[in-house]
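Colleague: Letter by letter, the chains look like this.
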Amino acid sequence: MNIEMISKPANTAGRIRMAQGETILTEVGAMIAMSPGIRVETSSRTASGGGLMRGLKRMFSGENFFINHFTADVDGQELIIGPALAGDMVLHRLHTGRLIVQGGSWLASGPGIDVDTTWQGMARGLLSGEGLFWVNCRGTGDIVISSFGAIYEVDVQDSYMVDTSHIVAFEDTLEFTMGKASDSWFGSFLGGEGIVCKFRGHGKLYCQSHSPQMFGTALGPLLLPRQG
Amino acid sequence: MFGIFTERLIVFHVMIIPPSCLGGIFSPQLPDRRASATIAVTSNEIIAGLADGSQHHMPLDHTLRLEVGGASGRMVMCRHGDVMIYSEDPHFLGLLQACDEPHVRSQLTCLEANKKRHRRMMGLIWTSVLATLFVLAGLAWWSAKRALHLAITHMPYTVDVMLEKSAMGSVNAVSAEQYPKTMALLNSLLKQLKPESKDKAIQYKIALVDSAEINAFALPGGQVVVFTGLLRDMTSPEQLAATLAHEVSHVDLRHGTERLLLSMGAFTAARILLGDISAGADVVGSLVTSGAMNNYSQKQEDEADEEGFKHLIKAKIDPKGFISLFDIFDKAMKEHHLDKIPEWLGTHPEPKSRIEHVQSLIKALPKDMAYHPIDVDFAAVKLEVSRCRGDGGTACQREEKQ
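Going line by line, the protein sequences match chains A and B. Anchor point for the first sequence: position 225 equals 225 in our numbering, and the numbering is continuous, going up by one each time. Anchor point for the second sequence: position 52 equals 1052 in our numbering, and the numbering is continuous, going up by one each time.
Please note that the accuracy of each hint is not assured.
[Stated by the list, open to error] Each computed SDA-like pair below joins lysine to any residue, with the alpha-carbon atoms no more than 25 angstroms apart:
#: 1; chain 1: A; residue 1: Lys-57; chain 2: B; residue 2: Leu-1066
#: 2; chain 1: A; residue 1: Lys-204; chain 2: B; residue 2: Tyr-1371
#: 3; chain 1: A; residue 1: Lys-204; chain 2: B; residue 2: Glu-1356
#: 4; chain 1: A; residue 1: Lys-204; chain 2: B; residue 2: Gly-1081
#: 5; chain 1: A; residue 1: Lys-198; chain 2: B; residue 2: Val-1068
#: 6; chain 1: A; residue 1: Lys-204; chain 2: B; residue 2: Pro-1031
#: 7; chain 1: B; residue 1: Lys-1115; chain 2: A; residue 2: Thr-177
#: 8; chain 1: A; residue 1: Lys-204; chain 2: B; residue 2: Arg-1074
#: 9; chain 1: A; residue 1: Lys-204; chain 2: B; residue 2: Lys-1363
#: 10; chain 1: A; residue 1: Lys-198; chain 2: B; residue 2: Glu-1112
#: 11; chain 1: A; residue 1: Lys-204; chain 2: B; residue 2: Leu-1030
#: 12; chain 1: A; residue 1: Lys-57; chain 2: B; residue 2: Arg-1074
#: 13; chain 1: B; residue 1: Lys-1363; chain 2: B; residue 2: Glu-1307
#: 14; chain 1: A; residue 1: Lys-180; chain 2: B; residue 2: Met-1122
#: 15; chain 1: B; residue 1: Lys-1116; chain 2: A; residue 2: Gly-125
#: 16; chain 1: B; residue 1: Lys-1116; chain 2: A; residue 2: Ala-123
#: 17; chain 1: A; residue 1: Lys-198; chain 2: B; residue 2: Gly-1081
#: 18; chain 1: A; residue 1: Lys-57; chain 2: B; residue 2: Trp-1126
#: 19; chain 1: A; residue 1: Lys-198; chain 2: B; residue 2: Trp-1126
#: 20; chain 1: A; residue 1: Lys-204; chain 2: A; residue 2: Tyr-160
#: 21; chain 1: A; residue 1: Lys-8; chain 2: A; residue 2: Lys-57
#: 22; chain 1: A; residue 1: Lys-204; chain 2: A; residue 2: His-92
#: 23; chain 1: B; residue 1: Lys-1334; chain 2: B; residue 2: Glu-1356
#: 24; chain 1: A; residue 1: Lys-204; chain 2: B; residue 2: Arg-1033
#: 25; chain 1: A; residue 1: Lys-204; chain 2: B; residue 2: Gln-1029
#: 26; chain 1: A; residue 1: Lys-204; chain 2: B; residue 2: Glu-1307
#: 27; chain 1: A; residue 1: Lys-198; chain 2: B; residue 2: Ala-1098
[Said to hold, decoys possible] Covered stretches of chain B, as calculated for chain A (at least 3 residues, CB under 8 angstroms):
#: 28; segment: 1032-1041
#: 29; segment: 1073-1081
Simulated from the structure, these hints should not be mistaken for laboratory data. Just so it is clear, CB atoms sit at the ideal spot from N, CA and C, and this is done for glycine as well.
Based on the sequences and whatever the hints tell you, model everything.
Modeller: Structure below.
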């Protein structure tokens, strides 16, 4: 299987070339186009199985109850996928450990990846702007994640700071706590940053350039009231 | 000779393999920067064995940094320069205890202390959260009950009368002509008790039901219903007076209305409180009847006993009737093995605790208290009710025709 990102970074789509018998799992509604030799099955199961409960847990993290399984019946098949919002996509190759993805950013993964839900604590869930539950990917294979705006990758060596609602995904060797952006709370709020996510550890972190919440806040007042 | 030597060497090699656990390593020398590894710890180094057979050695010296974190918060990370070896295996910290380096040992002690502090802190936070939720739930329950009591106090008594009318439809009362002596006694006792209603809308009246059940109940508007089964087991008119005093007190204290509103949905209850009796009219009748018959709370029963006691004293009727009445209940419960049910599970307090309660009330009375005996031929009343067999009065009617 070969996954390539096209039209980066503002309106990225993923082109997946599949050989006979290869399968990829995607978020419901992610398919844009596909070759006729691809079969689609919809199920709540992922790599390690799991049925009703796993599907319900995924819904808590902002993902869909069902997952689409695309399987190529013949060689040389092509599947194009894309997220709901305009933005970037990135391919993360998972060899070891886990990748924690913010709810709604998981788009697709290979059949060897188990997609589950994880909890990062009440304070982090409420204050990080990402939701209480996160998508927990483990196993070996490719994971496609999407963002609102561009994605940039950071190789955290010790510590790193990200504004709330800008986290896309991070490796399990990283942890984050909520804290103030500057030395004082007063300065943090006057500077418009307020609370930030402080990462600590060693690993890869994906951030998004734009925040859907801030975009909505900026756009909302400009919308005209519905007539009639 | 050579063969034996080789075998001994192999045995020796197996014995020095240090204990290990699963984890991973970050190193700029690795092609993908990160790889999973089997981690072993000796007294002076950490060894990360990779899947391709290569090994990475991290010396356990004063430059080693130990941390606990990761997404799970349980990952132990050992940093040495730009290399990091980590594991989420709970045994990893135990393996590191084998290290002799004082700097590493002091960090381990610090980590253990931090872990304990964190656990204590989390325990405190969760205990506080649970305690707050518990207190809030208690406050909400208390406020709701207070609001309900307040609402009932301000509700017009005409609602009680409407509830009573709605409920009486499901009560199969016999006519007064069938039981003239019994009805005469019941009415005379009610007159003697002189219950004072708080509103002119409340009119106290008595209905008799021919049933073997040992029961009596009161409906919100002032209707008291007595079962012939209860009368058959009674031995004195004072017991009947105590029963009536108790039931009349339920009406006075509006217990039936309170129970009904508690057992209905908030929306329907709010509509009834606002005087809309048509709200849930189909269920109101059966709810009032079943609530009055079975479902007063223990607290309400105690309140009715106390209030009924006052009625008896005021009417100069001996309150010991209560004690012998509760003895009848006790006997009936034992016959039906209901005495095995714990008191807190039942709707009524246990007869024994009710007897004790009444005895304490009697003790508090002045010693020269005089009572008027109830002048009635109770044996004749008992004979009248014993002619019927608890089949809704049809047996009596048949006998009268004969």
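Colleague: Now tell me if each hint is right for this structure.
Modeller: Tested hints:
no. : hint                     : verdict
1   : A:Lys-57 to B:Leu-1066   : violated (34 angstroms)
2   : A:Lys-204 to B:Tyr-1371  : violated (92 angstroms)
3   : A:Lys-204 to B:Glu-1356  : violated (74 angstroms)
4   : A:Lys-204 to B:Gly-1081  : holds (18 angstroms)
5   : A:Lys-198 to B:Val-1068  : holds (15 angstroms)
6   : A:Lys-204 to B:Pro-1031  : holds (15 angstroms)
7   : B:Lys-1115 to A:Thr-177  : holds (16 angstroms)
8   : A:Lys-204 to B:Arg-1074  : holds (18 angstroms)
9   : A:Lys-204 to B:Lys-1363  : violated (81 angstroms)
10  : A:Lys-198 to B:Glu-1112  : holds (23 angstroms)
11  : A:Lys-204 to B:Leu-1030  : holds (15 angstroms)
12  : A:Lys-57 to B:Arg-1074   : holds (22 angstroms)
13  : B:Lys-1363 to B:Glu-1307 : holds (16 angstroms)
14  : A:Lys-180 to B:Met-1122  : holds (22 angstroms)
15  : B:Lys-1116 to A:Gly-125  : holds (24 angstroms)
16  : B:Lys-1116 to A:Ala-123  : holds (20 angstroms)
17  : A:Lys-198 to B:Gly-1081  : holds (22 angstroms)
18  : A:Lys-57 to B:Trp-1126   : holds (23 angstroms)
19  : A:Lys-198 to B:Trp-1126  : holds (23 angstroms)
20  : A:Lys-204 to A:Tyr-160   : holds (11 angstroms)
21  : A:Lys-8 to A:Lys-57      : violated (32 angstroms)
22  : A:Lys-204 to A:His-92    : holds (10 angstroms)
23  : B:Lys-1334 to B:Glu-1356 : holds (18 angstroms)
24  : A:Lys-204 to B:Arg-1033  : holds (10 angstroms)
25  : A:Lys-204 to B:Gln-1029  : holds (16 angstroms)
26  : A:Lys-204 to B:Glu-1307  : violated (75 angstroms)
27  : A:Lys-198 to B:Ala-1098  : violated (33 angstroms)
28  : 1032-1041                : holds (count 5)
29  : 1073-1081                : holds (count 4)
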